[in-house]
Each structure stands twice: as structure tokens, then as C-alpha cells.
Amino acid sequence: MAAKKLRRAQLSLEMCGRLSRYQITTCQDFLCLSLLELMKVTGQSYYEVQKLLCKVSRACAPKMQTAYEMKLKKSVNPSSAFLSTTLHSLDGVLHGGVPCGSLTEITSPPGCGKTQFCIMLSVLATLPVSMGGLDGAVIYIDTESAFSAERLIEIAANRFPTYFDSDEKLLCMTRSIHLYRELTCCCVLKRIMSLEEEIISKKVKLIIIDSVASVVRKEFDTKLQGNLAERSNFLTRGASVLKYLAEEFSIPVILTNQITTSLSSGPGIRADLVSPADDLSLSEGSSVSGKRDSGCVTAALGNTWSHSVNTRLILQYHDLPTRQLLVAKSPVAPFSTFFYTIEKSGLILQDQKDQTNVVWEGTNPALQPIRVRNTALKDTLHDAALPSPTGETSRSTSNL
Amino acid sequence: MQREVGTLPLAPALRARLAAAGFQTAQELLDTGPCGLSKEIGISREEALEALQVVRQECHGDAARTAGGSGATRNCTALELLEEEQTQGFIITFCSALDNILGGGVQLTKITEICGAPGVGKTQLCMQLAVDVQIPECFGGVAGEAVFIDTEGSFMVDRVVDIAAACVQHCHLIAEAQQEEDLRKALETFSLENILSHIYYFRCRDYTELLAQVYLLPEFLSEHSKVRLVVIDGIAFPFRHDFEDLSLRTRLLNGLAQQLIIIANDHKSAVVLTNQMTTRIAQSQSTLVPALGESWGHAATVRLIFHWDNSQRLATLYKSPSQKESTIAYHITSHGFRDVQPPAVTHSTEGTELNPRKRPRTEEEKQQ
Numbered sequence: 001m002a003a004k005k006l007r008r009a010q011l012s013l014e015m016c017g018r019l020s021r022y023q024i025t026t027c028q029d030f031l032c033l034s035l036l037e038l039m040k041v042t043g044q045s046y047y048e049v050q051k052l053l054c055k056v057s058r059a060c061a062p063k064m065q066t067a068y069e070m071k072l073k074k075s076v077n078p079s080s081a082f083l084s085t086t087l088h089s090l091d092g093v094l095h096g097g098v099p100c101g102s103l104t105e106i107t108s109p110p111g112c113g114k115t116q117f118c119i120m121l122s123v124l125a126t127l128p129v130s131m132g133g134l135d136g137a138v139i140y141i142d143t144e145s146a147f148s149a150e151r152l153i154e155i156a157a158n159r160f161p162t163y164f165d166s167d168e169k170l171l172c173m174t175r176s177i178h179l180y181r182e183l184t185c186c187c188v189l190k191r192i193m194s195l196e197e198e199i200i201s202k203k204v205k206l207i208i209i210d211s212v213a214s215v216v217r218k219e220f221d222t223k224l225q226g227n228l229a230e231r232s233n234f235l236t237r238g239a240s241v242l243k244y245l246a247e248e249f250s251i252p253v254i255l256t257n258q259i260t261t262s263l264s265s266g267p268g269i270r271a272d273l274v275s276p277a278d279d280l281s282l283s284e285g286s287s288v289s290g291k292r293d294s295g296c297v298t299a300a301l302g303n304t305w306s307h308s309v310n311t312r313l314i315l316q317y318h319d320l321p322t323r324q325l326l327v328a329k330s331p332v333a334p335f336s337t338f339f340y341t342i343e344k345s346g347l348i349l350q351d352q353k354d355q356t357n358v359v360w361e362g363t364n365p366a367l368q369p370i371r372v373r374n375t376a377l378k379d380t381l382h383d384a385a386l387p388s389p390t391g392e393t394s395r396s397t398s399n400l
Numbered sequence: 001m002q003r004e005v006g007t008l009p010l011a012p013a014l015r016a017r018l019a020a021a022g023f024q025t026a027q028e029l030l031d032t033g034p035c036g037l038s039k040e041i042g043i044s045r046e047e048a049l050e051a052l053q054v055v056r057q058e059c060h061g062d063a064a065r066t067a068g069g070s071g072a073t074r075n076c077t078a079l080e081l082l083e084e085e086q087t088q089g090f091i092i093t094f095c096s097a098l099d100n101i102l103g104g105g106v107q108l109t110k111i112t113e114i115c116g117a118p119g120v121g122k123t124q125l126c127m128q129l130a131v132d133v134q135i136p137e138c139f140g141g142v143a144g145e146a147v148f149i150d151t152e153g154s155f156m157v158d159r160v161v162d163i164a165a166a167c168v169q170h171c172h173l174i175a176e177a178q179q180e181e182d183l184r185k186a187l188e189t190f191s192l193e194n195i196l197s198h199i200y201y202f203r204c205r206d207y208t209e210l211l212a213q214v215y216l217l218p219e220f221l222s223e224h225s226k227v228r229l230v231v232i233d234g235i236a237f238p239f240r241h242d243f244e245d246l247s248l249r250t251r252l253l254n255g256l257a258q259q260l261i262i263i264a265n266d267h268k269s270a271v272v273l274t275n276q277m278t279t280r281i282a283q284s285q286s287t288l289v290p291a292l293g294e295s296w297g298h299a300a301t302v303r304l305i306f307h308w309d310n311s312q313r314l315a316t317l318y319k320s321p322s323q324k325e326s327t328i329a330y331h332i333t334s335h336g337f338r339d340v341q342p343p344a345v346t347h348s349t350e351g352t353e354l355n356p357r358k359r360p361r362t363e364e365e366k367q368q
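As given, the protein sequences belong to chains V and Y, one line each in that order.
Taking the UniProt record's numbering, the leading residue of the first sequence gets 1, the next gets one more, and so forth.
Taking the UniProt record's numbering, the leading residue of the second sequence gets 1, the next gets one more, and so forth.
Derived from the structure by calculation, the hints contain no laboratory data.
Take every hint as true, because none was put in to throw you off.
Pairs of lysine-lysine residues, derived as DSS-like cross-links and limited to a Cα-Cα distance of at most 30 angstroms, are as follows: (1) V:K51 with Y:K39; (2) V:K74 with Y:K226; (3) Y:K268 with V:K51; (4) V:K203 with V:K190; (5) Y:K226 with V:K63; (6) V:K71 with Y:K226.
Chain V with its partners taken away, still in its complex shape (with noise of 0.2 angstroms):
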């Protein structure tokens, strides 16, 4: 919209070849520059240049609806709002499942399910629409080279047993996972520009990046002087491209992230110190400054990141072999929390608590503190005795 070239916004060709002479081709160059200097540049009245400023703004302004018309254009087509993702307490909370046409991150430490989850997200999305699913293909744009398509196979064997009874459908499933590995920021961006056309050609429904923060942290060292305004730049450029896929095709977008140390020395006052080996030390929080209030594990990528994504999942460590998935941000969704294992077929939520964990307090999603792995170790060093029932979750992915 904002390249789009004067021509197109019915401006006479005359005054078109006059302002170009100026650099000034696109709406955009134009809507940018100030009354006096339009005038100048058009050689036309004060009055003259403000109808040439509405004629240039209707051909850059977004149509209007109504919120009922909205409304409408939803419950026309209820399954398509959202992505179930068949874990109940979770999709009741969310109203429905993941939603599409917004961002959604899953934020863990690492070996919690992240990978798990979104390859679980992907068998759901092939599923045809009468299942639940959004029968689609999906990109999965993988940056840790953490995809195993056994494990895929396994899931969608195990989950939907009865529907995917063949090799021939578990074949046709994964036919249509397209999977990309992208090494830096700079081709991850380049590949999220160019998806506008792929998603036409084969009909996708569903964009997973596992995971953002992976690439973005080996490049930008927030220590540095300007990375991190370079490193915002570059997210939310990255967001605003996916927020428009996502928004245009109607699609879910997932995305993974990290954790961080975020150091806290008092009320209000934070550093974001973005360095993976300091997470293990961390929960000593001896580091920095020895006052109170160390410092506590949260997402990764900042606070502008924490904007740019509309919904954020937490997936963090309870007692092994359970763990938590919290809805720490969320339009619709009350903050909640649920436990889960990692099985054959995949995430399965443990029902045993129902409605009573949902809370309306909630914390700050940017500085939601999780929980990571070294005391669930330290408690198994002393239990040798405990047998390990995470055999099964251990030989999936190299995340762990």
C-alpha cells in the first residue's frame, strides 16, 4: 500500500512527471512530506494541495467495517477462526484453539515440548476440516535443525490411529509439510517476504518458525552499541510481515522463542541481558548484584517482541515427567495453566485439576518468570531409584 506509485492513486500524469522529478513517486514519499513543501513541490494552492492530499489518502486508506460486519463474516465460517489443537481444557480457554489471522509464541526452556508441539500442530493442520483440522499444507521454517519426521509420523500413527491407517494417507500427510532450514536472519526475512506466493500455490493453512529467537540471538548481541535497536528493527519488520500474511490468508502463525536471564535489582528497573550460558547459574542469581530480587527466567527477544506477538503460550518444568503450559498473553484467554506429558502421540493434558486454575490476575507475559530444568535434575541426581519414564521423550529431539 505504501509503495504504491501516484500513477495508480489517479493523480493527472501531468502533476505525476512534475513530482517525480522531485523523487517523489510513491504515496508514500508523498503523504510524508508537510503542506508547505507539497505546495511548493506541486506549484499548486493551499486548497488545490489538500484535495490532492485526500485523493492520495483514498487511494492509501484502508476500507472500513463495521464491527458487526466482522462479526458476521466470522460466524459465517466458525471452524475457520481457529486451529484446534485437541488438548480440550486448552482450546475451551482459548475459544476454540489457536487462532488464526494472529501470532502465536510458545516460549520454553529448552527440552520442554516446543518442537513437540508444533510438529502436533502440524499433523492437526492436514487434517481435513470435519476432524478438526484445517486441511492444508503447512511451512514449517526451521532454523535449529530440529524437525524429525519420524517423530511426525509417529505422532499423527499415534494420535489419530483410526484416520491415518494407511502408509498412503500417513505419505499424503507429509507430503504436505513443507519444510525449509533457514541458517540467519537475513534468509529467515527473505524467506518470510517470499511466502506471500507460496501460500497461494499450495494452499497453506498454517506457518510455523521454530524458532526466532535462535537466529536472532546468534547475530545481534544486545552488549553491543546498536544492536538493539538493529534487533528490534529487525523483529518487528519480521511481525508486521507476518502479521499481514496471517491476517490476509487467515491463517495461524506459530512461533518459538527462548529464555533469557532477566536480571531485576529492584521495582521497575530491569536489564536485559541476553546470554545463554548465564541461565543455569541463574538460579542461584548470584551475578550481577547481590541485592534481592535477582533476576528470574522469561521469554527471550525483549519487551517489543513481547508487543509484536498477539498470543503467548509458556511451556515450563513441574515435577518430571509433568510440565506446564501457561497462557500468559492472550485477547480472549484469562491467564491459565495446565499440565501436560509428552507422549507417543505426542502433547496429552492432564485433567485432573478443571476450571478452578483459571485465574484473572495474571502477570506481565514479557516477565513471566518459568521455571527451568537444573532442580527437576538435582531432584533425579538424589532419586536414582526413580525409573525414567522420560525414555520416550528423550529420543525425539535434539532440543534436549
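Given chain V's structure and the hints, the job is docking chain Y onto it.
Same frame as chain V, but now just chain Y:
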């Protein structure tokens, strides 16, 4: 009439020619007439006529202004302003603590800015206000419509449906409790479909679309004269990337702020903007401050900052011309923006003042 030619809103080339020909005041132009003007400067008669019409319009406007009549600028005494302010409505937020610190609610004809960390409830409040502006006057509302300009894509229709349904139910309960005829009549038009149809939604993807939309807003508002609230959800988002030239950004933001002030005043509506928080690193410490820089802080008349205190959401009134700085706590429930329920359960019903917006709390609500 003695206005200098250089200050008239004519095309620059024309002004240059007039100056070269020696014209100094507007009166001289009017005396010369179109034919004489065209011969002297060397422009066509039609152009000369157009120029003279512009000059006449300007001078007429000037004369009207100096006579103290109604024109583009108003002169009024503080007494008239006081009367206006006292009869002006507020847009309530359904959180009485927040309404109290704001002096009644979100004020019309002023720009209110809401800054906050992610997930704290800025969009929720905007959606709540878009519903609350439509409350009929007999219930204490302003009976207006709302324009919602969304730059972040966080407007969820389902959530607005929930909030609107809760608001309608609240009004129904008040009408039943007070048993007045005009309340019930007003409720006939205050239904879910009506509320949703009067929220005009624009999705702006980048700052160009936002600028274009704000340029077109006065025209839209004259067509829809009942609009009393303009919400721009996420004024920071489109300006935070793709901007190497920060001075251009400041200029565009200032221009936007000015246009919004004009819109707020001319159309008697409240303008609500939401802003993000950003990390500012100074020496070795970093603090969370509202985004878009220091100069943007001057744009809004009233500034609210939402933040967290462990698990409690707090709202601080940071800048206001008439209220003092204070902090209150609030909740976001399935019905929308609400007060924190007071810990002591008091059974005060009709004994206390009958605020038409409130109704005695019933048992189910307390358990919520």
C-alpha cells in the same frame, strides 16, 4: 485587507510573479480585477479569476475573525468554557476507580494516551471504551459511535461481543431495578447488533495507511456525526521499524498529534491512543519508558500508564491538566474492564447514593 500578498495561500509560482510585479497587499489585487491582473502578470484570465476568488475568501475569513464572530478560531471566555466542560459527558470505563482518578471517565475533546507493558490490558480498555461510548444518555453515557483504527491486529470481535453483551446486561439490570419508562425505551435500541454496527473498524498496516486514514478522518466524521470516540490502537507499532530518519518520524508524529487535536475539538470526540513501552538504557541501568521518544509525551493531554505489580494490574495517572497523580488497581474479567472486588463484603444496597451507572452488587457477582 492590508494583508500581504506573500501570506496568501496561492501557488508559489503565482506568488513569485505577483511579488516581481510589485503587488504588496491583497487590496491591490482586488482593485486590479481579473483582466488587469492577467495582463500585468501574464497569466490567463481564468487563473486570475481563481486567484482573486482565493484572495476574497481569505480576506472574508480574516474579517470575520477580527470581528470576533464565529470562524475557524473561536474566542470565548473562561466562563463559557466552564459551562461547556461541566455539561460535557465522559466515557465511563466500568472501573469506577479508574473513572474517579480520571475525573469521571475519558474526557471528550481531549487526547488520552494509554501506555503499558505487553499484555496488561490496553486493547481491552480500548474495546471496552468502544462499547461504553454507545451507552444511552439516560444511563449516564454519551450515546455516541466509535472509530477503531487498529495497527497491531489485536482487535478480536469475539471479545467485543463478550464485552458488549455484559454491558447490555448491566443496563438491563439497572432498568429493572429502577423501573423507569425512558430507560426501557432506550434499551430497545441498545442491542448487540446495534453496538457492533456502530464500531467503525479500520486496519492500517503501516504508517502510510495510518497517515492517509487520519487525513480522511475529518471527512468521515462529518458524515458520521455521532462519532464520539476515535481509538488508535498501537500508534507506536508502525513507527518503530523502517525509520532511519528519526527527524522525519518526529515530524510525522507531531503532524498526526496536531490533526488529532483538531479532530477532537471540532467533532467533540475523545481520542484514545495506545503506546508501547520500550527499554531505555542509560549508563548501566535500563528502565521501561513509553515508546516514541520524549517529544511524543507532549502530544497527549492525559497520559495513563498501565503496569504490573507482581500479579496485580495497576493504572497510574501520569499526566493530567485537572486531576492529580494517583494509582489504582483494576481487573480484566470475562465481562471486560472492571474494578478489583473489594475484600470486605458489604451489603449496602439502596441506602447509599443511587448512581445510575451502578447497581447493587448481587451475590453471583461477588463470587465471581
